[in-house]
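Q: Here's the letter readout for the chains.
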Amino acid sequence: GAGVSQSPSNKVTEKGKDVELRCDPISGHTALYWYRQSLGQGLEFLIYFQGNSAPDKSGLPSDRFSAERTGGSVSTLTIQRTQQEDSAVYLCASSPIEGPYEQYFGPGTRLTVT
Amino acid sequence: AQSVTQLDSHVSVSEGTPVLLRCNYSSSYSPSLFWYVQHPNKGLQLLLKYTSAATLVKGINGFEAEFKKSETSFHLTKPSAHMSDAAEYFCVVRTYGQNFVFGPGTRLSVLP
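Protein sequence lines correspond, in order, to chains P and Z. Letter by letter, the first sequence follows residues 1 to 114 in the working numbering. Letter by letter, the second sequence follows residues 1001 to 1112 in the working numbering.
Don't take each hint at face value.
With a Cα cut of at most 30 Å, we get these calculated DSSO-like pairs of lysine-lysine [what the hints assert, rightly or not]:
1. Z:1068 - P:11
2. P:15 - Z:1042
3. Z:1069 - Z:1058
4. Z:1042 - P:17
5. Z:1068 - Z:1058
Since the hints were made in silico from the structure, they are not lab data.
Given the sequences, and given the hints that come with them, work out the whole structure.
A: And the structure:
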């Protein structure tokens, strides 16, 4: 079946612009996660959705970052007034409602802020 | 607090020799454990998972991992490395609910 998809695959933007990153989870997966991976680094947790609500937003680095999920499916991560330190790969994952809730990852969006 | 330690940031092996990537965790709960692989410029792919059934878990591409509660370890092994195994490997623990903790990763190099 179809896996997690993310768009765009690459995004180059100027400092100060807003960007939107999209994630389409596996159909039927109730949980959705956003992570950030900077060059050569591990994964940094950003936010987690259960259905359309976000019980854990603790990883969002600043108020310039926001995310929403609609219809229990597609999610959008928005970064306002981008800064060069926002340059990274943004990964999305989804997991099913049954345990052990293993995560399935998308290919990521590479964001470059110039 | 829960944590995951991957003892080696970089492991280098020759093709055809065994692979051992080490992972130790701390958790107050009975954990679920996972290993993921990330090839360059790709997303993470699930290799295998431990869910309190058999302690020896077989995954894809010939990888295995053994859960040892007394040692709080979940080391990843493969009998014979292949060039295509060169990648970054992440050990992950899920403790409760949707709380996942990722290790820092181990980069595996395979020499011809």
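Q: Each of the hints needs a verdict: does it hold here or not?
A: Results for each hint:
Simply put, residue 1068 (chain Z) and residue 11 (chain P) have alpha-carbon atoms about 43 Å apart, too far for the 30 Å limit, and the pair is violated. Pair hint residue 15 (chain P) plus residue 1042 (chain Z) holds up; C-alpha atoms about 26 Å apart against a cutoff of 30 Å. For the proposed pair residue 1069 (chain Z) and residue 1058 (chain Z), the alpha carbon gap of about 17 Å is at most 30 Å, so the pair holds. For the given pair, residue 1042 (chain Z) sits about 26 Å from residue 17 (chain P) by alpha-carbon distance, which is consistent with the 30 Å threshold.
Simply put, residue 1068 (chain Z) and residue 1058 (chain Z) have alpha-carbon atoms about 15 Å apart, close enough for the 30 Å limit, and the pair holds.
Taken one by one, the earlier hints fail for this structure only at number 1.
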